[in-house]
Amino acid sequence: MIDPSATAPEPPRRKFLDWLLGTSVGALVLAILYPATRYMIPPEAAESSSASVTLPFAPDDVAPNTGRVFKFGNRPGLLIRTPTNELKAFSAACTHLGCIVQYRPDLAEIWCACHNGHFDLNGRNVAGPPPSPLEDFTVNVRGDEIIVGRKT
Amino acid sequence: MLATCVGAMILLLGRPDVTSAQSDSVAAETCVTCHQAMPDGPLSDPVKRYGDDVHSGKGFGCVACHGGDGTVLGPEAMDPARGFLRDLSRPQIPTMCGHCHSDPTFMRQYNPGLRVDQEAEYQTSVHGRRLAEENDSLVATCISCHPAHGIRPPSDPLSSVHPLNVSKTCGACHANADYMADYGIPTDQATKYEGSVHGEALLVARDLSAPTCNDCHGNHGAAPPGVSWVGNTCGQCHSVQEQHFQTSRHGELFPLIGIPGCAACHNNHDIPAASDEMIGMGEGAVCAKCHTEESEGGTQALVIRRLIDSLRTQLDSARHLLESAENSGIEVSQAQYDLEGAHSALVESRAAVHTFRAAAVDSSVSVGLAITDNAFVSGIKALGELRFRRTGLAVFALITVVLIVALLLKIKEIEGPTMSYIMFTRELRVPDDRRPGPSDRHDEESS
Numbered sequence: 200m201i202d203p204s205a206t207a208p209e210p211p212r213r214k215f216l217d218w219l220l221g222t223s224v225g226a227l228v229l230a231i232l233y234p235a236t237r238y239m240i241p242p243e244a245a246e247s248s249s250a251s252v253t254l255p256f257a258p259d260d261v262a263p264n265t266g267r268v269f270k271f272g273n274r275p276g277l278l279i280r281t282p283t284n285e286l287k288a289f290s291a292a293c294t295h296l297g298c299i300v301q302y303r304p305d306l307a308e309i310w311c312a313c314h315n316g317h318f319d320l321n322g323r324n325v326a327g328p329p330p331s332p333l334e335d336f337t338v339n340v341r342g343d344e345i346i347v348g349r350k351t
Numbered sequence: 000m001l002a003t004c005v006g007a008m009i010l011l012l013g014r015p016d017v018t019s020a021q022s023d024s025v026a027a028e029t030c031v032t033c034h035q036a037m038p039d040g041p042l043s044d045p046v047k048r049y050g051d052d053v054h055s056g057k058g059f060g061c062v063a064c065h066g067g068d069g070t071v072l073g074p075e076a077m078d079p080a081r082g083f084l085r086d087l088s089r090p091q092i093p094t095m096c097g098h099c100h101s102d103p104t105f106m107r108q109y110n111p112g113l114r115v116d117q118e119a120e121y122q123t124s125v126h127g128r129r130l131a132e133e134n135d136s137l138v139a140t141c142i143s144c145h146p147a148h149g150i151r152p153p154s155d156p157l158s159s160v161h162p163l164n165v166s167k168t169c170g171a172c173h174a175n176a177d178y179m180a181d182y183g184i185p186t187d188q189a190t191k192y193e194g195s196v197h198g199e200a201l202l203v204a205r206d207l208s209a210p211t212c213n214d215c216h217g218n219h220g221a222a223p224p225g226v227s228w229v230g231n232t233c234g235q236c237h238s239v240q241e242q243h244f245q246t247s248r249h250g251e252l253f254p255l256i257g258i259p260g261c262a263a264c265h266n267n268h269d270i271p272a273a274s275d276e277m278i279g280m281g282e283g284a285v286c287a288k289c290h291t292e293e294s295e296g297g298t299q300a301l302v303i304r305r306l307i308d309s310l311r312t313q314l315d316s317a318r319h320l321l322e323s324a325e326n327s328g329i330e331v332s333q334a335q336y337d338l339e340g341a342h343s344a345l346v347e348s349r350a351a352v353h354t355f356r357a358a359a360v361d362s363s364v365s366v367g368l369a370i371t372d373n374a375f376v377s378g379i380k381a382l383g384e385l386r387f388r389r390t391g392l393a394v395f396a397l398i399t400v401v402l403i404v405a406l407l408l409k410i411k412e413i414e415g416p417t418m419s420y421i422m423f424t425r426e427l428r429v430p431d432d433r434r435p436g437p438s439d440r441h442d443e444e445s446s
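Chains as they are written, first to last, in this note's numbering: chain A, 200 to 351; chain B, 0 to 446.
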């Protein structure tokens, strides 16, 4: 006796389901593997700015009586080395209208070019329109790294 | 003449030195013994208030200003022969205060940093000149601003000359229309000042660096700024704008035609917060007060306004774009950091407006626009990344749903014939008497 089921063609619905399952599993594997591979490569990410940041230059790169603007989160900061060789860091956003301040070696002061605001080496507003001192940060040197953080 | 006599009398009496002044404290003087026991009024109030006076704290008593003899109890202490000065008149007051306050050697003992030119400055003020030249009986003297017997240092918030109180002190006379009736000058300066950008900063925001009356008019040498030096006055704080203005055509011409520099556009007492709307020829634009659109000045104003507007709108758009990316979890802090440079450029370009030359403004605006262009590239790239991730998530979710549906259908297909067969054979094995009948249903209901 011949088994009819052995020779009968597979129904179209079953073929379709098998195809659907096969392709879905393949697509699922791809959909998992591709993003996983993509995520294995670290995206461009900033160092957390909420508390501290490691500066992209070494302490020796900052000579006495100079200053360098650095990125603190998405805002600018200013690291200065005073004429007496002390490292200090402040927010570089002028407290008047938010321009980026800079270090003036000729005055040994922090200066805002927008409206000629002057801050002393402790960040205090001493001349011009700035109404309040610059926010000051903590500076820690560990080997060749400078870590600047917000004061708690 | 009277003032000279008072001065001569004080010189005869001699100036209190540190030791004697401090030993002659108000409590040690006999004046207090009688005057504090008197009924409330002008003879006892000074004694009651004097305890808070800065001079009291330094050990000066009544005799230091009023003369007389504080060691004698009774009316004899107020004998003119003992140097007592009865009823000090208005012209006597600056001389009396200046007797100590104009002497650097004497003042150094108490406050080495205090200036000693107040009396000299006063003589150059409108107040001092009117007093000296016209013997004006209404004009302010030392005690109009530094109330006698209750003088506090300017750093004391309760002082009448503390920055927060200066406009009230000046306004006590200058805002009094009846008092000022004979002078023919406005009396709305204090009200205008209080509503100005400076008044708001000082009196509302309590920013003690904001200017008040004396920062523009001087204090002891108070006088209205002259037409040609208004810029110098404002330039004490707004130095960059002043430098731009001095090198501009306006800076050259305004003094010649009697226009008061900064005040021509910004007013004097009712100075509004500066805005971009003040530039150009539209409503609220101060340039339109003098220039027509067709004139060279009008054309420059329109170009300057377009430049400022372009940078401002580009900066706002770039900021918004980066914020959208940031809020969606994409890292854009470098682009946001770089964009701060465009903000600085916008502030600088607004200051450069005071050159009144479009080319000068354009040099700052161009720097800012280059930065905003880079920010747009970063923002669009970040949002492209966001779109890619969202699309990937949607595709993944769709594939997952399709897979689940397909699996369910497959399970149903595989199990479908088998389950039907099992159910069929079970039915065959159940005897008829075991099949549930109507009586069973009744039993179930009753139970």
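These aren't lab readings, by the way, just hints derived from the structure by calculation.
Here the structure is a predicted model, which means the values were calculated and not measured.
Where hints are given, some of them may not hold.
Unchecked claim - From the derived model, a few chain B residues whose C-beta atoms are all more than 12 Å from chain A:
1. D44
2. F83
3. D102
4. G149
5. H173
6. G183
7. A204
8. N213
9. N231
10. E282
11. A334
12. L402
13. A405
14. L406
As the list claims (entries may be wrong) - Partial pick of chain B residues on the chain A-facing surface, computed with a CB cut under 7 Å:
15. S208
16. D214
17. C236
18. S332
19. Y336
20. E339
21. F395
22. V401
23. L408
Unchecked claim - Cross-link-like lysine to aspartate or glutamate pairs, in silico, DMTMM-like; alpha carbons within 25 Å at most:
24. B:K411 x A:E334
25. B:K409 x B:E384
26. B:K57 x B:E133
27. A:K287 x B:D187
28. B:K167 x B:D337
29. A:K350 x B:E339
30. A:K214 x B:D44
31. B:K380 x B:E322
32. B:K380 x B:E414
33. B:K191 x B:D214
34. B:K288 x B:D275
35. B:K167 x B:D206
36. B:K191 x B:E330
37. B:K380 x B:E325
38. A:K214 x B:E414
39. A:K287 x B:D44
40. B:K167 x B:D187
Just so it is clear, CB atoms sit at the ideal spot from N, CA and C, and this is done for glycine as well.
Here's how the hints hold up against the structure:
1. The claim that D44 (chain B) is not at the interface with chain A holds, since no C-beta of that chain comes within 12 Å of its own (minimum 39 Å).
2. Every C-beta of chain A lies more than 12 Å from that of F83 (chain B), the closest at about 48 Å, which supports listing it as non-interface.
3. Non-interface call for D102 (chain B) relative to chain A: holds, since the shortest CB-CB distance, roughly 30 Å, exceeds 12 Å.
4. At roughly 30 Å, the least C-beta separation between G149 (chain B) and chain A is larger than 12 Å, which holds for a residue marked as non-interface.
5. The claim that H173 (chain B) lies off the interface holds: its Cβ sits roughly 26 Å from the closest Cβ of chain A, which is beyond the 12 Å cut-off.
6. With a minimum CB-CB distance of about 35 Å to chain A, G183 (chain B) clears the 12 Å threshold, and the non-interface call stands.
7. Non-interface status of A204 (chain B) relative to chain A is broken: a Cβ of that chain comes within 12 Å, the nearest being about 8 Å off.
8. Look at N213 (chain B): its CB is around 18 Å from the nearest CB on chain A, clear of 12 Å, so calling it non-interface holds up.
9. Separation of N231 (chain B) from chain A is adequate, the least Cβ-Cβ distance of about 14 Å exceeding the 12 Å criterion.
10. With a least CB separation of 25 Å from chain A, E282 (chain B) remains clear of the 12 Å interface cut-off, as annotated.
11. Not every C-beta of chain A lies more than 12 Å from that of A334 (chain B), the closest at about 8 Å, which undercuts listing it as non-interface.
12. The Cβ of L402 (chain B) does not lie farther than 12 Å from every Cβ of chain A; its closest approach is about 4 Å, which violates its non-interface assignment.
13. Against chain A, the non-interface label of A405 (chain B) is violated: not every CB pair exceeds 12 Å, the least being about 4 Å.
14. Not every C-beta of chain A lies more than 12 Å from that of L406 (chain B), the closest at about 7 Å, which undercuts listing it as non-interface.
15. Evaluation of the S208 (chain B) hint against chain A yields a held restraint, the C-beta minimum of about 5 Å falling below 7 Å.
16. Because the smallest distance between the Cβ of D214 (chain B) and any Cβ of chain A comes to about 12 Å, over 7 Å, the interface hint for this residue is violated.
17. The beta carbon of C236 (chain B) comes within 5 Å of a beta carbon in chain A, closer than 7 Å, and the hint placing it at the interface holds.
18. The restraint placing S332 (chain B) at the interface with chain A holds, with a minimum CB-CB distance near 4 Å, inside the 7 Å limit.
19. Interface restraint check for Y336 (chain B): the shortest CB-CB distance to chain A comes to about 5 Å, inside 7 Å, so the restraint holds.
20. A distance limit of 7 Å between C-beta atoms decides the matter here; for E339 (chain B) the minimum to chain A is near 5 Å, and the interface restraint holds.
21. A least Cβ separation of about 4 Å between F395 (chain B) and chain A falls short of the 7 Å threshold, and the interface hint therefore holds.
22. The closest approach between the C-beta of V401 (chain B) and any C-beta of chain A is roughly 5 Å, which is under the 7 Å cut-off, so the hint is satisfied.
23. About 6 Å separates the beta-carbon of L408 (chain B) from the nearest beta-carbon of chain A, less than 7 Å, and the hint is met.
24. For the hint pairing K411 (chain B) with E334 (chain A), the CA-to-CA distance comes to about 68 Å; that exceeds 25 Å, so the pair is violated.
25. A hinted pair counts as satisfied when its Cα atoms are at most 25 Å apart, and K409 (chain B) with E384 (chain B) does not qualify at roughly 37 Å.
26. Only pairs whose Cα atoms come within 25 Å are accepted, and K57 (chain B) paired with E133 (chain B) is rejected, the gap being roughly 36 Å.
27. With a CA separation close to 48 Å, the supplied pair K287 (chain A) and D187 (chain B) exceeds the 25 Å bound.
28. Restraint check for K167 (chain B) and D337 (chain B): the C-alpha separation of about 46 Å exceeds 25 Å, so the hint is violated.
29. Distance restraint check for K350 (chain A) and E339 (chain B): the Cα-Cα separation of roughly 23 Å lies within the 25 Å cut-off, and the hinted pair is therefore satisfied.
30. Of the supplied pair hints, the one linking K214 (chain A) and D44 (chain B) is violated, its CA atoms being roughly 110 Å apart against a limit of 25 Å.
31. This hinted pair checks out: K380 (chain B) and E322 (chain B) have alpha carbons roughly 13 Å apart, not beyond 25 Å.
32. For the hint pairing K380 (chain B) with E414 (chain B), the CA-to-CA distance comes to about 51 Å; that exceeds 25 Å, so the pair is violated.
33. The suggested pairing of K191 (chain B) with D214 (chain B) holds, with an alpha-carbon distance near 16 Å, which does not exceed 25 Å.
34. The straight-line distance between the Cα atoms of K288 (chain B) and D275 (chain B) is roughly 16 Å, inside the 25 Å bound, and the hint therefore holds.
35. Our distance criterion of 25 Å between C-alpha atoms is met by K167 (chain B) and D206 (chain B), whose separation comes to about 17 Å.
36. Only pairs whose Cα atoms come within 25 Å are accepted, and K191 (chain B) paired with E330 (chain B) is rejected, the gap being roughly 48 Å.
37. Between K380 (chain B) and E325 (chain B) the alpha-carbon distance is near 12 Å, which keeps this suggested pair within the 25 Å criterion.
38. Of the pairs offered as hints, the one joining K214 (chain A) and E414 (chain B) holds, with about 16 Å between alpha carbons and a cut-off of 25 Å not exceeded.
39. Between the alpha carbons of K287 (chain A) and D44 (chain B) the distance comes to roughly 54 Å, so the proposed pair goes past 25 Å and is violated.
40. This hinted pair checks out: K167 (chain B) and D187 (chain B) have alpha carbons roughly 12 Å apart, not beyond 25 Å.
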